[in-house]
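A.B. asks: Chains as they are written, first to last, in the working numbering: chain Y, 1 to 116; chain U, 1 to 114.
Be a bit skeptical, because a hint or two may be false.
[Unchecked claim] Result set (EDC-like, lysine to aspartate or glutamate): computed pairs, CA atoms no more than 20 Å apart in a straight line: (1) Y:Lys3 / Y:Asp26; (2) U:Lys9 / Y:Glu44; (3) Y:Lys3 / U:Asp40; (4) Y:Lys70 / Y:Asp55.
[Unchecked claim] The following label-pair restraints were derived from C-beta to C-beta distances: (5) U:Thr102 / Y:Asn67: 18 to 26 Å; (6) U:Asp71 / Y:Ala18: 42 to 50 Å; (7) Y:Ala1 / U:Thr13: 29 to 37 Å; (8) U:Asp40 / Y:Ser41: 13 to 21 Å; (9) Y:Tyr54 / U:Asn77: 37 to 45 Å; (10) U:His73 / Y:Ser28: 32 to 40 Å; (11) Y:Asp29 / U:Glu75: 30 to 38 Å; (12) Y:Asn58 / U:Gly3: 24 to 32 Å; (13) Y:Pro116 / U:Ser80: 43 to 51 Å; (14) U:Phe69 / Y:Thr115: 44 to 52 Å; (15) Y:Glu56 / U:Ser80: 44 to 52 Å.
These aren't lab readings, by the way, just hints derived from the structure by calculation. Idealized CB from N, CA, C, for every residue including glycine.
Single-letter residue listing:
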Amino acid sequence: AQKITQTQPGMFVQEKEAVTLDCTYDTSDQSYGLFWYKQPSSGEMIFLIYQGSYDEQNATEGRYSLNFQKARKSANLVISASQLGDSAMYFCAMRGRTDSWGKLQFGAGTQVVVTP
Amino acid sequence: DSGVTQTPKHLITATGQRVTLRCSPRSGDLSVYWYQQSLDQGLQFLIQYYNGEERAKGNILERFSAQQFPDLHSELNLSSLELGDSALYFCASSVGDNLGNTIYFGEGSWLTVV
Numbered sequence: 001a002q003k004i005t006q007t008q009p010g011m012f013v014q015e016k017e018a019v020t021l022d023c024t025y026d027t028s029d030q031s032y033g034l035f036w037y038k039q040p041s042s043g044e045m046i047f048l049i050y051q052g053s054y055d056e057q058n059a060t061e062g063r064y065s066l067n068f069q070k071a072r073k074s075a076n077l078v079i080s081a082s083q084l085g086d087s088a089m090y091f092c093a094m095r096g097r098t099d100s101w102g103k104l105q106f107g108a109g110t111q112v113v114v115t116p
Numbered sequence: 001d002s003g004v005t006q007t008p009k010h011l012i013t014a015t016g017q018r019v020t021l022r023c024s025p026r027s028g029d030l031s032v033y034w035y036q037q038s039l040d041q042g043l044q045f046l047i048q049y050y051n052g053e054e055r056a057k058g059n060i061l062e063r064f065s066a067q068q069f070p071d072l073h074s075e076l077n078l079s080s081l082e083l084g085d086s087a088l089y090f091c092a093s094s095v096g097d098n099l100g101n102t103i104y105f106g107e108g109s110w111l112t113v114v
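Can you build the whole structure from these sequences, using the hints too?
C.D. replies: Pasting the structure below:
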């Protein structure tokens, strides 16, 4: 079975600083995809970034980058130059063939609070 | 705005009742997913449809059912509601269900059972 682990329940970060959110995963699939989503207090789930297991380069989307270390089975999200609007819950998720391509398995999430 | 539309946004209903949650996927997306988010269970996959056919099933209770219509919108029916069904229900969609297809979520439907 697939499993996503986010070990940081919450963290504070100062505005303009970079923050790294940890995510480790466990799967027997050779092909899989890793996603990060942001959930503000309003509740919506916002897609941030995607990394495929065979992608050779780490994914980047604006201020978001994914530090993908396949051998360690980790997919950490790095947010550069934090802004107050980055305060939210962040979820790491993966999909793989074992559970069907359609299903996203989510971690427990990390609550980020950005302070001025 | 993800392009996935869910209605209603908020719903309060009594135990034993039945409700229907509606979802319109992003234009061009054939896959629709339903997820439940609760404080104790986190985000749980319920069910997926692809172009009208059920594709994958997760931890969906027998009291719950879903379908995807020819115009690709989907409905999630929740019956004999219990207090524990109170949760945020997400609909999501993707163009297909290949590995790299991004799954976009709607804003969710907040269900409160009293």
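A.B. asks: Take the hints in turn and mark each one as holding or not.
C.D. replies: Structure-based check of all given hints:
no.	hint	in the structure
1	Y:Lys3 / Y:Asp26	holds, 5 Å
2	U:Lys9 / Y:Glu44	holds, 11 Å
3	Y:Lys3 / U:Asp40	holds, 17 Å
4	Y:Lys70 / Y:Asp55	holds, 10 Å
5	U:Thr102 / Y:Asn67: 18 to 26 Å	holds, 20 Å
6	U:Asp71 / Y:Ala18: 42 to 50 Å	holds, 45 Å
7	Y:Ala1 / U:Thr13: 29 to 37 Å	holds, 34 Å
8	U:Asp40 / Y:Ser41: 13 to 21 Å	holds, 19 Å
9	Y:Tyr54 / U:Asn77: 37 to 45 Å	holds, 39 Å
10	U:His73 / Y:Ser28: 32 to 40 Å	holds, 36 Å
11	Y:Asp29 / U:Glu75: 30 to 38 Å	holds, 31 Å
12	Y:Asn58 / U:Gly3: 24 to 32 Å	holds, 27 Å
13	Y:Pro116 / U:Ser80: 43 to 51 Å	holds, 48 Å
14	U:Phe69 / Y:Thr115: 44 to 52 Å	holds, 47 Å
15	Y:Glu56 / U:Ser80: 44 to 52 Å	holds, 51 Å
Comparing the model with each earlier hint shows no violations; every hint is respected.
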